[in-house]
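Visitor: Spelled out, the chains give:
2 protein chains.
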Amino acid sequence: MGKMRRKGLASMAVQTVASATTVDLGPASGLSCRECGEVFALGPIFACELCFGPLEVAYDLPTGDPEALRKQIEAGPANIWRYAPLLPVPADVAEKPNLNPGWTKLVQADNLARELGVAPGKLFVKDDSGNPTHSFKDRVVAQAIEAARAFGFTTLSCSSTGNLAGAVGAAAARAGFRSCVFIPHDLEQGKVVMAGVYGGDLVAIEGNYDDVNRFCSELIGDPLGEGWGFVNVNLRPYYGEGSKTLAYEICEQLGWVIPDQLVIPIASGSQLTKIDKGLQELIKLGLVEDKPYKIFGAQAEGCSPVSAAFKAGHDVVRPQKPNTIAKSLAIGNPADGPYVLDIARRTGGAVEDVNDELVVEAIKLLAQTEGIFAETAGGVTVGVTKKLVEAGLIDPNLTTVVLNTGDGLKTLDAVADTSQATVTIRPSLDAFRDAGLAH
Amino acid sequence: MGKMRRKGLASMAVQTVASATTVDLGPASGLSCRECGEVFALGPIFACELCFGPLEVAYDLPTGDPEALRKQIEAGPANIWRYAPLLPVPADVAEKPNLNPGWTKLVQADNLARELGVAPGKLFVKDDSGNPTHSFKDRVVAQAIEAARAFGFTTLSCSSTGNLAGAVGAAAARAGFRSCVFIPHDLEQGKVVMAGVYGGDLVAIEGNYDDVNRFCSELIGDPLGEGWGFVNVNLRPYYGEGSKTLAYEICEQLGWVIPDQLVIPIASGSQLTKIDKGLQELIKLGLVEDKPYKIFGAQAEGCSPVSAAFKAGHDVVRPQKPNTIAKSLAIGNPADGPYVLDIARRTGGAVEDVNDELVVEAIKLLAQTEGIFAETAGGVTVGVTKKLVEAGLIDPNLTTVVLNTGDGLKTLDAVADTSQATVTIRPSLDAFRDAGLAH
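These protein sequence lines map, in sequence, to chains A and B. Counting in the UniProt record's numbering, the first sequence runs from 1 upward without gaps. Counting in the UniProt record's numbering, the second sequence runs from 1 upward without gaps.
Pulled out of the complex, with its shape left as it was, chain A reads as follows (with noise of 0.2 Å):
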């Protein structure tokens, strides 16, 4: 996973365009296996063939003056799509009917900086509950439209608990297709709700979520399954490229200037991969200047394998059963977990974990600093940075960006006990003055 064999695969991959040619996906070029390096025509394919290795898209990068190339992005639209000539898209991508995420707002968080002892100017939030359906997947999913849209598929699946179920079903709903999403059948009603409004077929299935992954892996070989789009597995590789645009819009957002420090989730480890390796394109493309950054993972205490690896000093990742309230991020047995570690070590960054109790306490934090109600893996974000920054790992006075990726609507049993009213009266003068609230 090196600098110097990505390069390689690059300049290889470029040679495979032409077993490609009836497949528009701009500058992408062919699909390279991230683990021997194999390279494959743009296809919905997600395992190398030689070694089972998970594939990557690899790029035909524009070549030229950086500066022609950023006056067209900051031309560009409001959304991902202004870095389309950086994306598995076709050029004209923002014309069809998408949901169209992205640049949503870098707020400087000087209060929280305050709060956890960063200095003023220092810490900024990146607030991904901004987007369509309110969180990160919106990019993911936007990408594996266009993917789908490519490779002629005509239905879209997942398996989620979630999140990405409400992604997929919007995004499929405007963008014209079929979507049948899986879910375990025992998923809080709300979250049914919330996938199930978009219209498209919702299948519960008796059994837990690593029942219903198992149940799409066979899905995906039966004729049953043929011609499905699933987002998180056959068009994965596309999908996962969506989270590139998160360190674009860092970079622009701050002035084409890539963070000291970035404190990232991680569930499969996939968004955390992505985001170094859009950092790595923007230093390739001299769209900012080369420098050193720190890479940190956060992880909940009760599904913290890439943590507990990273400070056992592993290259392995030994799978936990999960048990935490982020339940977005309570992946076992994360895919991209040794790529993590690498990343984390490399740019001398760390992975760390906090407990459900401090999740609480930042996701209040965050709200009650700066008016962001976070899903429970911002309160990870969050109770992760404040307890590196307290170990010294994260310096306050260089730049840190933290993420979060989702919305606290969507996770509301977090704060509920904790976050009623402060008294109930009768509506009366008397009774408030008695309540003490008056200054």
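Misleading hints may appear alongside valid ones.
As the list claims (entries may be wrong) - Here are the simulated lysine-lysine pairs, DSSO-like style, with alpha carbons at most 30 Å apart:
| no. | chain 1 | residue 1 | chain 2 | residue 2 |
| --- | --- | --- | --- | --- |
| 1 | B | 96 | A | 387 |
| 2 | A | 96 | B | 387 |
| 3 | B | 277 | B | 311 |
| 4 | A | 71 | B | 71 |
Quick caveat, the hints were computed from the structure, so don't treat them as lab data. This structure is a prediction, so every number in the text was calculated from the model and none was measured.
Chain A is already provided as a structure; the job is to place chain B on it using the hints.
Guide: Here is chain B on its own, set in the frame of chain A:
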């Protein structure tokens, strides 16, 4: 409320600037009574001393080259502060801590258009669920915050049944105000949590929303409430101006063109009247061409006092006792009702209502065609649009903009019964085949 009279007021207002020299609210020159035209200095007042009519902000708007102003706006931030020269805020407003709402998506809704029988490219949804706390209330609260700052208040307050409580709590937290929000004691749990998580005081009043409002009116007149900024009472003239930004954004997003037809929900009616005010300002400033437009008001049948008055040809609005799932629009005695009637009639529009069943259908129609999950208020506007197209009152060949002012996540109950899993099955291919969902 005619154009002539408003122009007269604006020039009168300029003369009062001297008495408000200590208050810098940018182009705001004073407060004028919408009934008798009397002008007052800028301050935390909301009713005319002479006739008790409502006060609204008068401006000393920029004169000169419209092209220069348009360029200045286009170069501004991607939020409401791009319009700072047209709002009652200081010129450096974008540098102060605020939630910076606005610049939400204007979605070209071709799928919905097809379902409603509107020509392709002619129907748009202005989707305010993309605001920081996912409703248009962020726009109005952002204005109130700046007025509160100018008047030296340190506590922000309001009465609310949901959206406003969250918007005030969040904005106060970030902007450094204490907040004290009053809610009915029997509010749904989810809404209490959304209001409580931002850490301000949340006072539950034993009574219904009317009791809460009455209590707040008492509090404002009592020393206990002295120095408090009630966003929707003593800061109301400023607060209301936030809705003008919807007009500005819609026109700019259409390429500085006024849409032919707008469908706007009616609660108090303030939003509709301020959108009309905003459109008139754009014309006066030369930022858009002067052309006819029709404004349509949308209510739920269970709370349709303005619609009833419109249909009966009355100038006054007879209060109703609300009974509808569209709770954010459930104001039985809308303060701006008469002004709404005037605008709908003057522009050649109409006021229409839909029953709760159609509200639910319309929420699902919007979700299933465009991937936008709207609050019940959005179901009201989409449902009313459907009805008005069918009745021939909305021309399907002209441009129509429909407002969605809030997020479906906040009114999940409305669609819960009808947004369930299609089927529940064992995790087996046979079971899936039997379900008949494969193609």
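Visitor: So which of those numbered hints doesn't the model satisfy?
Guide: none
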